[in-house]
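J.: The chain contents come next:
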Amino acid sequence: MVLIAVVPLALLATALTGPWFLRRSAPALAHVPRLAALALTASVLAWPLALLSIGPLLAWVSTGPVLLPGRAGEVCQQCLAAANPWGQPAAVYTGVPTVILLALPALAAAGLLAAAARRGMQRARATARSAAAVHRGARHARVHGRSVLLIDDPAPQVFAMPARHGGIVLSRTALRVLTGEELRAVLEHEQAHLRQRHHLLLAVVSAVGHHLRWVPSIAAASAALPHYLEIAADDAARRRTGTAALASALLRLSESAPAAPLAGAPAGALHATGPHRIGHLLSPEPAHAGHWPALLATAYLSALTLVTLAANLPYLGALVAGCF
Amino acid sequence: MDVLWDRGGATIRQIMDDLPSDPAYTTIATVLRNLERKELVGAQRQGRFVLHHPRVSRQELAATAIGHALAASGDRAASILHFVDTLSTQDRDLLRQYLQQHDSAADSRLLDEETTDAP
Numbered sequence: 102m103v104l105i106a107v108v109p110l111a112l113l114a115t116a117l118t119g120p121w122f123l124r125r126s127a128p129a130l131a132h133v134p135r136l137a138a139l140a141l142t143a144s145v146l147a148w149p150l151a152l153l154s155i156g157p158l159l160a161w162v163s164t165g166p167v168l169l170p171g172r173a174g175e176v177c178q179q180c181l182a183a184a185n186p187w188g189q190p191a192a193v194y195t196g197v198p199t200v201i202l203l204a205l206p207a208l209a210a211a212g213l214l215a216a217a218a219r220r221g222m223q224r225a226r227a228t229a230r231s232a233a234a235v236h237r238g239a240r241h242a243r244v245h246g247r248s249v250l251l252i253d254d255p256a257p258q259v260f261a262m263p264a265r266h267g268g269i270v271l272s273r274t275a276l277r278v279l280t281g282e283e284l285r286a287v288l289e290h291e292q293a294h295l296r297q298r299h300h301l302l303l304a305v306v307s308a309v310g311h312h313l314r315w316v317p318s319i320a321a322a323s324a325a326l327p328h329y330l331e332i333a334a335d336d337a338a339r340r341r342t343g344t345a346a347l348a349s350a351l352l353r354l355s356e357s358a359p360a361a362p363l364a365g366a367p368a369g370a371l372h373a374t375g376p377h378r379i380g381h382l383l384s385p386e387p388a389h390a391g392h393w394p395a396l397l398a399t400a401y402l403s404a405l406t407l408v409t410l411a412a413n414l415p416y417l418g419a420l421v422a423g424c425f
Numbered sequence: 236m237d238v239l240w241d242r243g244g245a246t247i248r249q250i251m252d253d254l255p256s257d258p259a260y261t262t263i264a265t266v267l268r269n270l271e272r273k274e275l276v277g278a279q280r281q282g283r284f285v286l287h288h289p290r291v292s293r294q295e296l297a298a299t300a301i302g303h304a305l306a307a308s309g310d311r312a313a314s315i316l317h318f319v320d321t322l323s324t325q326d327r328d329l330l331r332q333y334l335q336q337h338d339s340a341a342d343s344r345l346l347d348e349e350t351t352d353a354p
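For the record, the sequence lines run as chains A and B.
Count along the first sequence starting at 1, add 101, and that's the number in the working numbering.
Count along the second sequence starting at 1, add 235, and that's the number in the working numbering.
These are calculated hints, taken from the structure and not from any lab test.
Virtual Cβ for every residue (Gly too), placed ideally from N, Cα, C.
Between beta-carbon pairs, the in silico distance windows are: (1) B/Asp257 - A/Glu356: 41 to 49 Å; (2) A/Ser357 - B/Asp338: 18 to 26 Å; (3) A/Leu213 - B/Gln325: 36 to 44 Å; (4) A/Ala216 - B/Gln325: 37 to 45 Å; (5) B/Gln325 - A/Glu282: 22 to 30 Å.
Stretch-level coverage of chain A by chain B, calculated; a stretch enters the list once three of its residues show a Cβ under 8 Å from a Cβ in chain B: (6) 250-264; (7) 285-296.
Chain A on its own, in the form it takes in the complex:
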């Protein structure tokens, strides 16, 4: 019972301290960028699930006024008792009807799912519009053995769209200003985005995280994710072409970038919770530094998953067994 009281407090604590933890562990997490990106995505999904599990958990240990009359109420009571791992009727009178504890999270879950789906579709439409704008006047080409879209643009553009929308995009200006090695580094970087399905991670976090951005830990995780994706792609590129080629490509492209940046947060707000991309690229700290945050993150995610499973599996089991 004490355990159940601890869950909401722990969830609140992690929601509030999440940004601090992410900031502190950013240099270490930067050593395991792919793991960090996956963990951030998982945390954005797991936290709301754990939160929604509080209701079903409380339903085992609290009791309130009876809302459902007659037979329906009896069936509910039976199911609740069948799902209750303690096997005893609820003990503490909280004044909250049990049916509310079960119905409210279910409604909230349905609402969140619908909102996330809507957001996801909006994003997919925006991506399709951008892709259409890029495809106008673009030409398919092979550069260093990679299939790319070549566009005419006075600025040296390099970016990756989701694979089904065309993948890597280069402007002819970028092709002209970059040396052979720099170009190879850039292409390896973009290819890593595609191979590691970074667009998918971003889409999932944007769809769910957008509606939960009032939760500090989720806002911080959503903001940090793109930085870890860039570092993951940088790591893949420099393993193949070396740090120098990637560093000089970054410098050259940032120096010849158009006055108005295309997208993304203003430079000042970049490293609030995320790792420092350039710092990591040029002087990565020893790899063992990544162990403890990785362990903590794993423990945190396991705890969230455990709470969700502990709350929902017994109900599911009871329903399947017909509430006996």
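Starting from the known structure of chain A, fit chain B onto it as the hints suggest.
T.: Coordinates of chain B only, in the frame set by chain A:
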């Protein structure tokens, strides 16, 4: 925009005269207002007329052509990963410093090889 670039500045009436098609006064006014909102065109009152002038050059606008196309299609919301956004001056300095060191290290390696190769 072409009329404004050619003339350097024009009133709505002048733009109407310059355009081969015959658009309505309000159409041009609306387009100008939209361009003003995007900070591409500025407006200045001169006596009884309002003179509109371009705030970016032809070249400047061309330089961000894809940028505008993407912005108009909602790039921020879309799933696009840019190789490099704006880098801070410190980041650029770090890169420059690293590359200089890297170059000089490569040079000295080359020198070492030359000296060891020498009889």
